[in-house]
Amino acid sequence: MPPKYHIETSQAPNRFPKITRSGIIAWEEGCLKCARCVKKDCIYQVYEKRDLDDRQMLDSLDSACMDCFRCVQNCPNRLIHKGLNPAYRALGDHYWTPEIISELWFQAESGRIPVSGAGYGGPFSGPGFDAMWTDMSEIVRPTRDGIHGREYISTTVDIGRKAMALEFGPGGEIVSRTPPVVEIPLPVIFDMLPWAPPGDNIPLSFLYGALALGTFAIVRQSAINPIIREFLPYAIIYVDGDPGSLHAQMLRSLKIIEVPDGEDPIALQKRFKSMHPELVVMIRLRLSPGARERSLYLIEQGAEVLHLVADEYGLEGGSDPLFIKERMKDVHLHLVDRGVRDQVTLIGGGGIAMAEHMAKLIICGADALSIDIPLLVSMECRVCRRCKEGISCPVGLDDVDPLWGSLRIRNLMAAWHSQLLEILGAMGIREARRLRGEMGRAMFFEDLEKEIFATMGKRG
Amino acid sequence: MDQKTAGLNIAIFFCRQLDANQDKNRRAIEKELGLRIRFFPLPCSGRIELLHLLRAIEAGADVVYLVACPEGACRYREGNLRAKRRIMFAQKLIEEIGLEGARIEMVNKTAEMPADIGAIAMELLARDAKVSISPVRSNAVASFIEK
Numbered sequence: 001m002p003p004k005y006h007i008e009t010s011q012a013p014n015r016f017p018k019i020t021r022s023g024i025i026a027w028e029e030g031c032l033k034c035a036r037c038v039k040k041d042c043i044y045q046v047y048e049k050r051d052l053d054d055r056q057m058l059d060s061l062d063s064a065c066m067d068c069f070r071c072v073q074n075c076p077n078r079l080i081h082k083g084l085n086p087a088y089r090a091l092g093d094h095y096w097t098p099e100i101i102s103e104l105w106f107q108a109e110s111g112r113i114p115v116s117g118a119g120y121g122g123p124f125s126g127p128g129f130d131a132m133w134t135d136m137s138e139i140v141r142p143t144r145d146g147i148h149g150r151e152y153i154s155t156t157v158d159i160g161r162k163a164m165a166l167e168f169g170p171g172g173e174i175v176s177r178t179p180p181v182v183e184i185p186l187p188v189i190f191d192m193l194p195w196a197p198p199g200d201n202i203p204l205s206f207l208y209g210a211l212a213l214g215t216f217a218i219v220r221q222s223a224i225n226p227i228i229r230e231f232l233p234y235a236i237i238y239v240d241g242d243p244g245s246l247h248a249q250m251l252r253s254l255k256i257i258e259v260p261d262g263e264d265p266i267a268l269q270k271r272f273k274s275m276h277p278e279l280v281v282m283i284r285l286r287l288s289p290g291a292r293e294r295s296l297y298l299i300e301q302g303a304e305v306l307h308l309v310a311d312e313y314g315l316e317g318g319s320d321p322l323f324i325k326e327r328m329k330d331v332h333l334h335l336v337d338r339g340v341r342d343q344v345t346l347i348g349g350g351g352i353a354m355a356e357h358m359a360k361l362i363i364c365g366a367d368a369l370s371i372d373i374p375l376l377v378s379m380e381c382r383v384c385r386r387c388k389e390g391i392s393c394p395v396g397l398d399d400v401d402p403l404w405g406s407l408r409i410r411n412l413m414a415a416w417h418s419q420l421l422e423i424l425g426a427m428g429i430r431e432a433r434r435l436r437g438e439m440g441r442a443m444f445f446e447d448l449e450k451e452i453f454a455t456m457g458k459r460g
Numbered sequence: 461m462d463q464k465t466a467g468l469n470i471a472i473f474f475c476r477q478l479d480a481n482q483d484k485n486r487r488a489i490e491k492e493l494g495l496r497i498r499f500f501p502l503p504c505s506g507r508i509e510l511l512h513l514l515r516a517i518e519a520g521a522d523v524v525y526l527v528a529c530p531e532g533a534c535r536y537r538e539g540n541l542r543a544k545r546r547i548m549f550a551q552k553l554i555e556e557i558g559l560e561g562a563r564i565e566m567v568n569k570t571a572e573m574p575a576d577i578g579a580i581a582m583e584l585l586a587r588d589a590k591v592s593i594s595p596v597r598s599n600a601v602a603s604f605i606e607k
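These protein sequence lines map, in sequence, to chains A and B.
The letter at position 106 of the first sequence is residue 106 when you use this note's numbering, and the numbering goes up by one with no holes.
The letter at position 83 of the second sequence is residue 543 when you use this note's numbering, and the numbering goes up by one with no holes.
If we strip away everything but chain B, and leave its shape as in the complex, we get:
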């Protein structure tokens, strides 16, 4: 079952440098999935912090993605490398509290992937669901769902 049909809430953090027209390109999928998908553009993937990832999980996201530029192609040289280390640390942290590390994932854009963030999100949603609905969601502060 893919992530879309599994009814998962998805949070996608992404580097703005990936898609200059990101605001327009993600509207179709936002319209289709409503509040089940949330996009958070970042000036650089290196701006991501543990707090962002954990807060998204806490607020009811089942899977959190960080979509970054290919390694070696960061506009700020090492933003995506720093982000990678933070993602690994966040995965370790949520595993310690009994959640699957796969709930947080970093995706480096490749040449084969589409250029617009909406299409990238569609590809991510079409992946097999490795996790089920988060146990945190029932206790979430409901901000992900309500807002």
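So that you can see chain A by itself, here it is in the shape it has in the complex:
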């Protein structure tokens, strides 16, 4: 058996104090000057170690407090309060919620799975991925040694076109040509960011991260410079310029290249293949109502990998957009109906914000996923999108150290990998490849609602 895929993690401290859910308000006026102040009694020494970050004026009190409420209860003049922090509520937006952002920060810092305590206090169902539940029927007991123990669960996936049958020569030798396939140990590639501060440090963090994890990061052709060029074996170049400027030597150092879905992406694929036959060509397709027919057409024309992308909220294009999980199901099932699904690799991207979204999108039919914003959030991004407007980043992402950034990405991916193993283990599935399209092992709120209430209200 091959060695287990394991991601090494190490603590990667935040550069800035965290924005926490609640904060301490301690009035100084009215202090009774007790002989023994309750602040001195803090068992975490929060008040004694108090510091103020002068870049953001964030008080260490808020991030160091462990919410024991000892000081709040014991101050005789009730001068210490805890209140919800409005800065926390203002993080992100309706999709990239403060809870998601703070959990991504935690995972990137520690590499550990966030555990919220006993029980789940959230809503029963919600929009998007929250309307989908995975089958956890195989949880019959706690495993003796957990997900990192003796149970072998593979998260490896293949990227490339698959041969449907092998042809053998008279001597038993394989005569059919098998298309090139690239194996990645984690069903994740790093996508281009919808917005980011300028500079090379963020792409470099992604590339260092991809190198450490054994996966790939998509880099725009127009962004290639001598520094990025050093990392080409871990990069997927997205052709956003003149394809003629990509010479054969450069192509030979690549394993995968991505072309936009334009007038004739297959001609571009053939052109690159003629220069480097072992290259896997990915076609980037914006998700839309026409994606199923377009995918089928491209597969029939010989496409190897389709990268189906939604926007940063997981929505496709068009006036009445579907969420990525619905459209991915639609495309996958259409290709299954036409008997071509197994020939091609589908990669889904856009709106992937949490580890569970990985498993859910794979269940909806993706072979692998591309992620973008969570990688930026792992480096303390607050999803304020100031960089998009040309305003300086509040956490200075433009001068982040790429090695620190890659460590944070590695930690985040380790936490996501562990969660994927948990889900696969709980479903009794031993391979991420087997999870693809396993819709029978999941429940969809919309379907259940229809099933239960469809007949109600009908007369006769």
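These aren't lab readings, by the way, just hints derived from the structure by calculation.
No false leads were mixed into what you were given.
Incomplete in silico selection of chain A near chain B, CB under 7 Å: (1) E29; (2) L52; (3) D54; (4) M57; (5) P86; (6) G390; (7) I391.
The calculated BS3-like cross-link candidates involving lysine-lysine, where the alpha carbons are at most 25 Å apart (straight line), are: (8) A:K33 <-> B:K552; (9) B:K590 <-> B:K544; (10) A:K329 <-> A:K162; (11) A:K49 <-> A:K33; (12) A:K329 <-> A:K450; (13) B:K491 <-> A:K388; (14) B:K544 <-> A:K82; (15) A:K39 <-> A:K18; (16) A:K273 <-> A:K255; (17) A:K162 <-> A:K270; (18) A:K49 <-> A:K82; (19) B:K484 <-> A:K18; (20) A:K18 <-> A:K388; (21) B:K464 <-> B:K590; (22) B:K484 <-> A:K388; (23) B:K544 <-> A:K33; (24) A:K162 <-> A:K255; (25) A:K255 <-> A:K270.
The beta carbon of each residue, even a glycine, is placed where N, CA and C say it ideally should be.
Starting from the structure of chain A, add chain B where the hints point.
Here is chain B on its own, set in the frame of chain A:
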């Protein structure tokens, strides 16, 4: 000469209750002035502490403003009154070390002032510069300027 043309670094602490859409409203001025202006939203002006004010001066701010709700209109009843006393104490402290007390100022919003924090900041910047570039700035830890 107004504060904008005088090239002063401005730090503005303000109560979030003043402007529900503060994050969007201050972006235009932040884009225009870059790192010369820094906004620090507070849950209530009563959350301001001496440390905030002195640290801002130390980090290279030439003028520090605290924009608070009108007196008697604090959501937490007396937050802006407590803040006023702290501002006065901070002014006294910086005067003791030879800086002008006018470098720290509290502004209570009035009915005549605009509702959004970006416009309030523009009004503050349009005021005559009472002080020049802070002598602390050359020795500042440069965090205000760099970050």
